[in-house]
Structure formats: C-alpha cells, structure tokens
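Engineer: Take these sequences, add in the hints, and give me the full structure.
Listed in order, the protein sequences are those of chains H and X.
End of the first sequence = 152 in the working numbering, gap-free, step of one.
End of the second sequence = 227 in the working numbering, gap-free, step of one.
It should be emphasised that the hints constitute simulated quantities derived from the structure, not laboratory data.
Owing to the predicted nature of the structure, the values given are computational and were not obtained by experimental measurement.
Warning: the hint list may mix true and false statements.
Below are the DMTMM-like pairs computed for lysine to aspartate or glutamate, each with C-alpha atoms no more than 25 Å apart in a straight line [to be verified]:
| hint | chain 1 | residue 1 | chain 2 | residue 2 |
| --- | --- | --- | --- | --- |
| 1 | H | K59 | X | E214 |
| 2 | H | K114 | H | D46 |
| 3 | H | K86 | X | E214 |
| 4 | H | K114 | H | E103 |
| 5 | H | K59 | X | D153 |
| 6 | H | K86 | X | E174 |
| 7 | H | K95 | H | D122 |
| 8 | H | K95 | X | E214 |
| 9 | H | K86 | H | E101 |
| 10 | H | K106 | X | E214 |
| 11 | H | K86 | H | D46 |
| 12 | H | K95 | H | D132 |
| 13 | H | K95 | H | E52 |
| 14 | H | K114 | X | E214 |
| 15 | H | K59 | H | D91 |
| 16 | H | K59 | X | E174 |
| 17 | H | K106 | H | D132 |
| 18 | H | K86 | X | E145 |
| 19 | H | K86 | X | D141 |
| 20 | X | K124 | X | E187 |
Some chain H residues flagged as far from chain X (calculated, every beta-carbon gap over 12 Å) [said to hold, decoys possible]:
| hint | residue |
| --- | --- |
| 21 | V50 |
| 22 | A51 |
| 23 | K59 |
| 24 | S63 |
| 25 | N105 |
| 26 | S107 |
| 27 | T109 |
| 28 | S110 |
| 29 | H112 |
| 30 | P116 |
| 31 | L119 |
| 32 | S121 |
| 33 | D122 |
| 34 | P152 |
From the three backbone atoms N, C-alpha and C, an ideal C-beta is built for every residue, glycine too.
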Amino acid sequence: AQSVAQPEDQVNVAEGNPLTVKCTYSVSGNPYLFWYVQYPNRGLQFLLKYITGDNLVKGSYGFEAEFNKSQTSFHLKKPSALVSDSALYFCAVRDTAGGSYIPTFGRGTSLIVHP
Amino acid sequence: NAGVTQTPKFQVLKTGQSMTLQCAQDMNHEYMSWYRQDPGMGLRLIHYSVGAGITDQGEVPNGYNVSRSTTEDFPLRLLSAAPSQTSVYFCASSYRPGEGYTFGSGTRLTVV
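Structural biologist: Following this line, the structure appears as structure tokens:
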C-alpha cells in the first residue's frame, strides 16, 4: 500500500529566508512523487514531480524538491521565500508496484511567509 | 484550452436530495478522479477512472456513484445527500500515471 505523511500542519518563515516543507512516503516498489500548491478558494496546481533520475527536481515558481530514497523523503524547498508563497502545499505519492494508478495525497501543510 | 471544468461552483442541498457534479476535460486524458477536501483531512479519493467505461472505488465511495461514458466527462452523483457530504469536491485528470494531475476549480457543496 502507498502512503504519504506531511508531519507539519503549518510552517512559518520570514520573507527572504529559505523554506522547507517536509514529506515522507511509504511504497512497496518505486515511488512517483509530486508536490502541489493550493491558493485560497482555488484548485490545486502542479508544482513538480520525481519519477526517476536526478534526486534534485526543479519546478515552478522557484521551488525544488530533493528525493532521498534512504530516508523515504521528498522535501519541498525554496532558497528565498516570498509572501506570495503563502498557501497550502500537498505532497502525493504513487507506488509503481501493485497496479496502483492513482496517487495518495498527504493532509497538506500550510505555509505562512511573514513580511 | 479550458483544462478541467467543474460545475456548479457552489451548491446548497437539502438532506435526501440528489444531484450530479459535472466534470469535463478537453485534454484527452485517460485518468480522471474525484476527491473531497475537508479541513484537516487533506484530499480523499472518492472514485476514479482509467478510461472510458472503466471506473473503480477510492477511499470514501459510499453515497456516491460515477460513470465514464466518454473520455471527456466524469460526473459524480450524490444519491441521497447527507450533512456529512458537506465538503469541497475536486475533479482531476492526467494523461498517464507518471504525469501530474490537472485539477478543476472545485465545487463547494453544503448539505442542510
């Protein structure tokens, strides 16, 4: 079975500082990993994905994520946070083993960037 | 290119009423899913489809039906609305499992 955990309900960071939003996963085979962002009263928007290859994945709006197989983690990062980055962030995983076609989403982490 | 279109955006139902939430995509995506979003619960999968004529249950399917007669459309039917179905509903689609989802803008449903 596939599962994903976002251990922090909320992350607070000052504008201009680096940010990290944590995600850990559990799969039987190899993972497909995704990050999405949701702004208030909007649908989710795709940020980036890891399928295979380079462990550091770059995505939209200056975000990147690092895949760590030994720690089963896929943390979202940005070198310098903006107030406009404040939103709800979701990590998702799909297990390539077991015939699962649909990703499982985490509960979401609220990112608040203070001016 | 409209992406994923959900209608209506808002709906209030009385307990016991039925309704259909519409979802349409124009990207020729095979994979489509319905999720509900509740505070503190994240996104929970209701039903999904891997192609026209093929549907399956997700994590929370009770009280909901789906069908997929065309690649473009994936409606979600509430059979007899209950207050526990008050939620925000999202439809999403992707071309294949390795691609990210495109989400609709959501339907906010209140059952009184």
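Engineer: Would the pair K59 (chain H) and D153 (chain X) pass a check requiring their Cα atoms to be no farther apart than 25 Å?
Structural biologist: holds (21 Å)
Engineer: Is it correct that the beta-carbon of K59 (chain H) has no partner in chain X closer than or equal to 12 Å?
Structural biologist: holds (15 Å)
Engineer: Is the claim that D122 (chain H) lies outside the interface with chain X correct, judged by CB distances over 12 Å?
Structural biologist: Nearest chain X Cβ is 19 Å from D122 (chain H), so the label holds.
Engineer: Just want to verify: S121 (chain H) was marked as not at the interface with chain X; is every Cβ pair farther apart than 12 Å?
Structural biologist: The assertion about S121 (chain H) holds, with a minimum of 19 Å to chain X.
Engineer: Starting from K114 (chain H), check that the Cα of E214 (chain X) is at most 25 Å away, please.
Structural biologist: Judged against 25 Å, a Cα distance of about 21 Å means the pair holds.
Engineer: Taken at face value, is the distance from the CA of D132 (chain H) to the CA of K106 (chain H) at most 25 Å?
Structural biologist: holds (13 Å)
Engineer: Hint check: K86 (chain H) vs D46 (chain H), CA-CA at most 25 Å. Holds or violated?
Structural biologist: holds (22 Å)
Engineer: Verify this label for me: T109 (chain H) is non-interface relative to chain X, using a Cβ-Cβ cutoff of 12 Å.
Structural biologist: holds (19 Å)
Engineer: Just to be careful, I want the Cα atoms of K86 (chain H) and D141 (chain X) compared with a cutoff of 25 Å; is the pair within it?
Structural biologist: holds (23 Å)
Engineer: Minimum C-beta separation from A51 (chain H) to chain X exceeding 12 Å: can you confirm that?
Structural biologist: Check passes; 26 Å lies beyond 12 Å.
Engineer: With a cut-off of 25 Å on the C-alpha distance, tell me whether K95 (chain H) and D132 (chain H) pass.
Structural biologist: At roughly 21 Å apart (the allowed maximum being 25 Å), D132 (chain H) and K95 (chain H) satisfy the hint.
Engineer: Is K59 (chain H) close enough to E214 (chain X), meaning Cα to Cα at most 25 Å?
Structural biologist: Holds, because 21 Å separates the two Cα atoms, which is no more than 25 Å.
No hint from the list above goes unmet by this structure.
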